[in-house]
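Residue numbers (this note's numbering), protein chains in the order written: chain A, 1 to 517; chain B, 1001 to 1517.
No lab work stands behind these hints: they were computed from the structure.
For every residue, glycine included, the Cβ atom is placed at its ideal position computed from N, Cα and C.
Do not take every clue at face value.
Some chain B residues judged to face chain A by a derived CB distance under 8 Å, without partners named [as the list claims (entries may be wrong)]:
hint: 1; residue: A1143
hint: 2; residue: V1171
hint: 3; residue: G1335
Across the chosen pairs, the derived CB separations fall in these ranges [unchecked claim]:
hint: 4; chain 1: B; residue 1: P1278; chain 2: A; residue 2: R403; range: 43 to 49 Å
hint: 5; chain 1: A; residue 1: L22; chain 2: B; residue 2: L1098; range: 56 to 62 Å
hint: 6; chain 1: A; residue 1: A243; chain 2: B; residue 2: P1516; range: 39 to 45 Å
hint: 7; chain 1: B; residue 1: E1082; chain 2: A; residue 2: E21; range: 56 to 62 Å
hint: 8; chain 1: A; residue 1: E21; chain 2: B; residue 2: S1270; range: 45 to 51 Å
hint: 9; chain 1: A; residue 1: L22; chain 2: B; residue 2: A1229; range: 49 to 55 Å
hint: 10; chain 1: B; residue 1: P1255; chain 2: A; residue 2: G230; range: 47 to 53 Å
Protein chains: 2
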Amino acid sequence: MIRVERAAEARRTRESWSAFELSHAQEELPTAVELPEHPGLWQVAGGEISPYLGEGLEVAYPHATPDELYAAAARAWPAWREADPEVRVRLCLEVCDLIHARAARFVPATMHTAGQSAGMAAAGSGTNALDRGLEAVAAAWEAMRRVTPSATWTGRFGKHDVSLAKRYRIVPRGVAVVVTCASFPAWNAYPAILANLATGNPVIVKPHPTAVLPMAMAVAACREVLSAAGFDPGLVTLAVDSAERPIAKELIKHPACRIVDFTGSAAFGSWVEANAFPAVAYTETSGLNSVVIDTFDEQVLRALAGSLCLFSAQMCTSPQNLFVPRRVFADFADGLAGAVRQISTVPRRAAAMLAAIQSDSTLSLVSRMRSAGSVVLDALPYEHPEFPGARTCGPLLVATEDRAVYGEERFGPIAFLVPVDDRDEGLARAASDASTHGAITAFCYSTDEGFVARAEDAFAWAGAALTSNVTGPMPLNFSAAYSDYHVSGLNPAGNASLTDDSFVAGRFRITQSRRPA
Amino acid sequence: MIRVERAAEARRTRESWSAFELSHAQEELPTAVELPEHPGLWQVAGGEISPYLGEGLEVAYPHATPDELYAAAARAWPAWREADPEVRVRLCLEVCDLIHARAARFVPATMHTAGQSAGMAAAGSGTNALDRGLEAVAAAWEAMRRVTPSATWTGRFGKHDVSLAKRYRIVPRGVAVVVTCASFPAWNAYPAILANLATGNPVIVKPHPTAVLPMAMAVAACREVLSAAGFDPGLVTLAVDSAERPIAKELIKHPACRIVDFTGSAAFGSWVEANAFPAVAYTETSGLNSVVIDTFDEQVLRALAGSLCLFSAQMCTSPQNLFVPRRVFADFADGLAGAVRQISTVPRRAAAMLAAIQSDSTLSLVSRMRSAGSVVLDALPYEHPEFPGARTCGPLLVATEDRAVYGEERFGPIAFLVPVDDRDEGLARAASDASTHGAITAFCYSTDEGFVARAEDAFAWAGAALTSNVTGPMPLNFSAAYSDYHVSGLNPAGNASLTDDSFVAGRFRITQSRRPA
């Protein structure tokens, strides 16, 4: 529990801390996952094709029906919900440790489904995602611990004192469905799975059909830890579907569903938020992350180029729209294109930074966006030094003033340079887009303190996390567990925040009993 | 702030405490309410008819459209949301103090709308409701205070340390609509209004059309305190409607609505929960509160009779269904009827306990329920010593095994005695009804520790607050601020709990900004 307490402290102070040491060891791509006692018939899913190899993964998973998964959860629940919260929290930490111990196996699993680089798979989807998971466990632990388990109450009624002995219990809400995304599943899955488990709820994990493997491995880790501790592994199960026959809606509308954690498209996220009832929904979707330029130099261009290249901008924190005053537009566009080229045209750098493109549909989108404005930098594939068949694509930079083009999320290595009359117009548009269409991050470059302060206010009310004037080695859109709140819940980019109290407080309820003392 | 800290401590320890001294002073029934600068045309509402006098109240209120109310909120919001949370919390406490200072005016306002007795209006709807309000303010204060306002973060990237200065802000969610009920509005209204204000949200209060006056007076108190502190009173407004032209749905579906607090019928509560999105909803509705009898004596019968009589069982905590083993059914039924008669047939006692019937429709329901089973005790009016025109009605006790009769909430002085084969059948039915139909409270009488323990488990999972073996001067269904969690959120009787962390944690969000340190 020392690490959970330490995590809780880091969450309070929001200083830098990690519970997990980063290693870059890497094993072979797993060809099977062990899920003993898991309901369902085993078969290859079919949707998993390595972005690096262009070949199907051919890993078999159990295919259970929603009713089978809910039945497993129902059988497993009673012992878990009655377990001491501290026992649950300890086992959540063991799950983190087991996943961490297998990091070298998770790295290729993440690479060959999400398309991330080895480095990002080890850090962002590895230690950082585990830290986000532990952060959620710590938040849940603190929230449960604030509930006094018992009290003696003495009140006066007329001339008499009445003393009651009261007992307060943490009662978990019920079965949780965790729907994960294709390109960065671990980062949201770990907090959701672990927050649900810590607060006593069974979990059904429904991965994106193209990125099942890392989630199946995480489910396996949960089940192993739970089984070893004497709990029914039915507490954590895997729901496998396909693009042709999706089952997320069926899982969410199941009468026993009480909690939904969703990461994915804004369209489906809105459906979840509006239709999850009687379940509570925690969502992260997407939006229009913007950069507001007032002043810039070479360092700024390098930092922005890095952010546009990082994992080919397939991150929910990647910027898409750059608002640039007309007076400096041409210089900025030229400079940025040059800075991007320094990464995207050098295969070794490109491989480490851009990695691979998760989905074929992203390449089609890039193609279509070429004609959406004036191309500042064309999107070109690079030759991956290690995987010649990798699906790669450098950033496309398009200059446009057409709101119909940039006023929508264009997922992938696509950025729009939008000329504006001045910095204030840029800020106003960016903040308004964040409010209206959602945004997780925002970026601002200015040497004018007054303007930075105005930007901080504007994005605070719009609900986007603002990074101002940051250059140097840290990726601009890096988000630190325990320190950076991820998603505000104030705009359409999601209603849940990693990790505020409201992310955990509704996953359990409190019931009480009282009797004469 | 000392009292807020003290309230937070009471909420942690859940011991007995009150910030407000009870007085039984009583002024004349107010004939007007002052709401300077409030939008809307002033006219008498028409729905308010005193249950004690049988006459219309003829108080005029401003009738504003939803758009006018939202516009007022929008104008008032910026200064309030940017105010220091401590300033907001202090002003919430001032609102409590001003309402408390006017307690003698609130008492007749509550009596002549809700039909409560003077004693209940002063205590339950007065000091206890204010304590519930302060409890919510304390919870909000603690939740906001847990968010560190700033941090310096230093992380290592490659060979370089990166230091960032981070700022975290509490950002209120937006306009809140508080829909209050007819018979006990203050108790839920104060926590909702004050939790919203403390966390920075404007509030539109939509009272039940038959019980506007006490809510209008509360709104007036809020506006006076806010205006005196230099804030725009548009932060708290009153929405007045009628049974013929209800406006709650229009208020809730307004595009600017972000929070809904609802107290009222289960049917409308379900609509709110399912349709509030994108607003978050906090509801308390109703359900089937049960009593499970194993053993009983004279004291038990007196306690139960008191609870059935208290405010003519027009409380969300009043028991309705009493499950009684057949072997003792006749004795129990006779004894309970006798114990009720000792209250209901003595006008002085009846006036203090039963008070008046809020709505005419309750009397019709009582009439219909007479033929729903075998009448154990008929419901008879009593002559109120002070108000000869008062609408009164003693409890109706009906013996029935028909689930269609007792398996639904029958609001008012109606209780069903349900014979069961044994105590375990009674417990199973009561707990199942709580899960399926909702329940806020449950009661159990048994000298067998093992059975009480089973009842505690069963009602804990069903989400009803259990009171076991309590007799004596405390009304059985009394719920103490700071100590008793009210509504669990685990069954259809509502999704919000007074006052757990989840009641406040979602009313504000957190946004952050960061820059080089």
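How the hints compare with the structure:
1. Because the closest C-beta pair between A1143(B) and chain A is about 6 Å apart, less than 8 Å, the hint holds.
2. Below 8 Å, beta-carbon pairs count as interface contacts, and V1171(B) has one with chain A at about 6 Å; its hint therefore holds.
3. Interface restraint check: G1335(B) against chain A, minimum CB-CB distance 21 Å, threshold 8 Å, status violated.
4. As the Cβ distance of P1278(B) to R403(A) is approximately 23 Å, the hint placing it in 43 to 49 Å is violated.
5. The hint said 56 to 62 Å for the Cβ distance between L22(A) and L1098(B), and at roughly 57 Å that hint holds.
6. The hint said 39 to 45 Å for the Cβ distance between A243(A) and P1516(B), and at roughly 44 Å that hint holds.
7. The hinted range of 56 to 62 Å is not satisfied by E1082(B) and E21(A), whose Cβ atoms lie roughly 42 Å apart.
8. Between E21(A) and S1270(B) the beta carbons are some 50 Å apart, a value that agrees with the proposed interval 45 to 51 Å.
9. The supplied range of 49 to 55 Å is met by L22(A) and A1229(B), whose beta-carbon atoms lie about 51 Å from each other.
10. Distance hint for P1255(B) and G230(A): a CB-CB separation of about 52 Å, consistent with the stated range 47 to 53 Å.
Hints 3, 4, 7, counting from the list given before, are not met by this structure.
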